[in-house]
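Colleague: Under full-length UniProt numbering, residues 1 to 371 are what the sequence shown spells out, in order.
No lab work stands behind these hints, which were simulated from the structure alone.
Do not rely on the hints blindly, as some may be mistaken.
Said to hold, decoys possible - SDA-like mimics (lysine to any residue), calculated; alpha carbons at most 20 angstroms apart, straight line:
id: 1; residue 1: K251; residue 2: R113
id: 2; residue 1: K34; residue 2: D194
id: 3; residue 1: K184; residue 2: L198
id: 4; residue 1: K44; residue 2: T62
id: 5; residue 1: K44; residue 2: P222
id: 6; residue 1: K139; residue 2: L198
id: 7; residue 1: K139; residue 2: V150
id: 8; residue 1: K38; residue 2: M189
id: 9; residue 1: K38; residue 2: L215
id: 10; residue 1: K139; residue 2: K34
id: 11; residue 1: K44; residue 2: R6
id: 12; residue 1: K139; residue 2: F42
id: 13; residue 1: K44; residue 2: Q26
id: 14; residue 1: K34; residue 2: T244
id: 15; residue 1: K44; residue 2: L20
id: 16; residue 1: K34; residue 2: L45
id: 17; residue 1: K184; residue 2: D194
id: 18; residue 1: K251; residue 2: F33
id: 19; residue 1: K251; residue 2: S99
id: 20; residue 1: K251; residue 2: F153
id: 21; residue 1: K139; residue 2: L88
id: 22; residue 1: K251; residue 2: L219
id: 23; residue 1: K34; residue 2: N247
id: 24; residue 1: K251; residue 2: L215
id: 25; residue 1: K251; residue 2: F49
id: 26; residue 1: K251; residue 2: N75
id: 27; residue 1: K44; residue 2: S99
id: 28; residue 1: K38; residue 2: W51
id: 29; residue 1: K184; residue 2: F170
id: 30; residue 1: K184; residue 2: R113
id: 31; residue 1: K251; residue 2: M189
id: 32; residue 1: K139; residue 2: C127
id: 33; residue 1: K139; residue 2: W51
id: 34; residue 1: K251; residue 2: F30
id: 35; residue 1: K34; residue 2: K184
id: 36; residue 1: K34; residue 2: W84
id: 37; residue 1: K34; residue 2: F49
id: 38; residue 1: K184; residue 2: L246
id: 39; residue 1: K44; residue 2: R113
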Amino acid sequence: MTDIARTFGALMLGGIAAILFCGITQAQVFLYFKLYPKDRVFIKLLVVFIWMLDTLHSAFITTALWDHLISNFGNAQRIDHVPWSLALTIAITAVLTFSVHCFLIYRIYQLSRRNIFIAVPLGMMACARVSFACLTTAKLVQLRSLEVFVSQFTWSFTTGLTISTVLDIFITVLLCYLLRSRQKQYSSMNRVLDALILYTFESGALTMAATLVCLITWLTMPENLIFMGLHFVISKFYANSLLTTLNTRAKLKPGYRSQSSVSAGINQGMPIIFSDHLNVNTRSTPNRKHRFSSAAERLDEDMLKTNVSFGDVVTTGSVVAGVPGAMNMNGSQTGTQLQIKVNQETVHVTDSGMEVMDMAHIRSSDGRNRV
């Protein structure tokens with residue numbers, strides 16, 4: 001007797017999970033084009049290609065579920081039949097996985113100083129993985145029977161999943177090692193590299209674990225469709241891991257962290273809050289105007305360690321700065337000019353903007369040292 005829960009039920013749950021992850025992928029793609037409108041054309045084409053494959057994969061899953069659960073409702077013997085749409089999901093997953101693997105292998109190639117002895121074997125493994133998956137799809141479409149396929153071509157599906165799992169392990173370990181080897185003592189880039197290592201490990205572990213669980217269920221329970229329900233979500237994990245890697249680049253930029261830290265107060269002191277449109281003038285280039293994010297990046301690269309705290313801050317238009325107790329002509333409290341030294345440069349804060357200049361001290365406009 002056919003176990004409905006482990007066959008139709010597994011397909012239904014896997015399909016629901018796949019559609020949910022497809023929605024996350026759509027949001028990730030939208031976010032990418034919003035954050036990086038000027039990204040390289042190659043990366044944009046890769047994102048569009050991943051999005052198209054993921055959408056097509058979800059459409060084939062829906063078609064397969066309709067065939068099993070609606071068109072042939074109540075026909076338990078239909079579970080041995082493999083519709084073409086179900087078979088094609090395996091090939092689409094392999095192509096999407098291949099695209100992500102190639103992107104990561106290219107990163108390894110760049111980080112390893114163009115070492116072909118590392119990149120070429122990984123590329124060959126990626127090609128072998130997609131080849132076995134395409135063979136599996138072709139045989140399923142030809143045979144149209146899961147039972148016959150299991151008895152004759154189990155090795156093709158098993159080999160494809162095994163190669164994918166091993167390749168995920170190699171890529172994750174190599175990326176973590178290469179990023180770790182680029183860290184230097186007391187470098188301001190170490191925290192960025194630490195974040196990249198963490199993202200790499202988490203995404204690699206997720207895709208590897210999903211593929212490994214699918215492989216285990218396929219080897220131990222080939223008579224049901226639990227492995228296929230799990231296989232539905234593998235491509236979603238790969239797509240989202242790539243898009244997450246691309247979208248988190250903005251958070252790793254020094255300017256992003258600096259703006260967040262300034263708006264929240266340096267070292268929780270809440271001394272100064274700048275508006276998004278604050279201009280920065282440099283004495284060496286007085287005619288050049290910069291966004292505040294550029295100055296924030298310079299402060300971050302110099303590893304600002306000065307905690308400036310004068311108590312409550314006062315809002316004056318687009319700039320909040322100063323010390324309590326200063327009064328204007330109307331008797332209301334206002335801000336005073338500050339000069340904050342960072343290494344050999346000093347940030348001069350006034351109500352009209354901020355000026356970067358060479359100074360020997362950090363002091364307010366009344367001449368008294370503040371730090």
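Colleague: Take the hints in turn and mark each one as holding or not.
Modeller: Quick rundown of the hints versus the structure:
Between the alpha carbons of K251 and R113 the distance comes to roughly 26 angstroms, so the proposed pair goes past 20 angstroms and is violated. For the hint pairing K34 with D194, the CA-to-CA distance comes to about 26 angstroms; that exceeds 20 angstroms, so the pair is violated. For the hint linking K184 to L198, the alpha-carbon distance of about 17 angstroms falls within 20 angstroms, and the restraint holds. A distance of roughly 27 angstroms separates the Cα atoms of K44 and T62; the hinted pair therefore is violated under the 20 angstroms criterion.
A distance of roughly 39 angstroms separates the Cα atoms of K44 and P222; the hinted pair therefore is violated under the 20 angstroms criterion. For the given pair, K139 sits about 39 angstroms from L198 by alpha-carbon distance, which is inconsistent with the 20 angstroms threshold. Taking the CA atoms of K139 and V150, the gap is about 11 angstroms. The hint holds against a cut of 20 angstroms. Distance restraint check for K38 and M189: the Cα-Cα separation of roughly 24 angstroms exceeds the 20 angstroms cut-off, and the hinted pair is therefore not satisfied.
Between K38 and L215 the CA atoms are separated by roughly 40 angstroms; this puts the pair beyond 20 angstroms, and the hint is violated. For the given pair, K139 sits about 42 angstroms from K34 by alpha-carbon distance, which is inconsistent with the 20 angstroms threshold. The suggested pairing of K44 with R6 is violated, with an alpha-carbon distance near 40 angstroms, which exceeds 20 angstroms. Straight-line distance between C-alpha atoms of K139 and F42 comes to about 34 angstroms, which puts the hinted pair past the 20 angstroms bound.
Annotation: proposed proximity of K44 to Q26 holds, straight-line Cα distance about 14 angstroms (limit 20 angstroms). For the suggested pair K34 and T244, the alpha carbons sit about 14 angstroms apart, so the restraint of at most 20 angstroms is met. Our distance criterion of 20 angstroms between C-alpha atoms is broken by K44 and L20, whose separation comes to about 23 angstroms. A hinted pair counts as satisfied when its Cα atoms are at most 20 angstroms apart, and K34 with L45 qualifies at roughly 15 angstroms.
Under the criterion of a C-alpha separation no larger than 20 angstroms, the hint pairing K184 with D194 is consistent with the structure, at around 12 angstroms. Proposed proximity of K251 and F33 is supported: the alpha carbons are some 15 angstroms apart, at most 20 angstroms. A threshold of 20 angstroms between alpha carbons decides the hint, and for K251 with S99 the separation of about 24 angstroms lies outside it, so the pair is violated. At most 20 angstroms may separate the alpha-carbon atoms for a hinted pair to count; K251 and F153 exceed this at roughly 46 angstroms.
Simply put, K139 and L88 have alpha-carbon atoms about 11 angstroms apart, close enough for the 20 angstroms limit, and the pair holds. Our distance criterion of 20 angstroms between C-alpha atoms is broken by K251 and L219, whose separation comes to about 41 angstroms. A distance of roughly 10 angstroms separates the Cα atoms of K34 and N247; the hinted pair therefore holds under the 20 angstroms criterion. Only pairs whose Cα atoms come within 20 angstroms are accepted, and K251 paired with L215 is rejected, the gap being roughly 35 angstroms.
As the CA atoms of K251 and F49 are separated by approximately 24 angstroms, the hinted pair breaks the 20 angstroms bound. Under the criterion of a C-alpha separation no larger than 20 angstroms, the hint pairing K251 with N75 is inconsistent with the structure, at around 52 angstroms. Simply put, K44 and S99 have alpha-carbon atoms about 13 angstroms apart, close enough for the 20 angstroms limit, and the pair holds. The suggested pairing of K38 with W51 holds, with an alpha-carbon distance near 19 angstroms, which does not exceed 20 angstroms.
Annotation: proposed proximity of K184 to F170 is violated, straight-line Cα distance about 24 angstroms (limit 20 angstroms). For the proposed pair K184 and R113, the alpha carbon gap of about 17 angstroms is at most 20 angstroms, so the pair holds. Of the pairs offered as hints, the one joining K251 and M189 holds, with about 13 angstroms between alpha carbons and a cut-off of 20 angstroms not exceeded. Proposed proximity of K139 and C127 is supported: the alpha carbons are some 19 angstroms apart, at most 20 angstroms.
Note on K139 and W51: the hinted pairing is violated, with a Cα-Cα distance of about 27 angstroms set against a maximum of 20 angstroms. Proposed proximity of K251 and F30 is supported: the alpha carbons are some 17 angstroms apart, at most 20 angstroms. Proximity of K34 to K184 is assessed by CA-CA distance (about 33 angstroms); at most 20 angstroms being required, the pair is judged violated. Of the pairs offered as hints, the one joining K34 and W84 is violated, with about 37 angstroms between alpha carbons and a cut-off of 20 angstroms exceeded.
Pair hint K34 plus F49 holds up; C-alpha atoms about 17 angstroms apart against a cutoff of 20 angstroms. Among the hinted pairs, K184 with L246 is inconsistent with the structure: their alpha-carbon atoms are about 24 angstroms apart, more than 20 angstroms. Taken as a hint, the K44 and R113 pair is broken in the structure, with Cα atoms around 24 angstroms apart against an allowance of 20 angstroms.
The structure does not agree with the numbered hints 1, 2, 4, 5, 6, 8, 9, 10, 11, 12, 15, 19, 20, 22, 24, 25, 26, 29, 33, 35, 36, 38, 39 stated previously, though it agrees with the rest.
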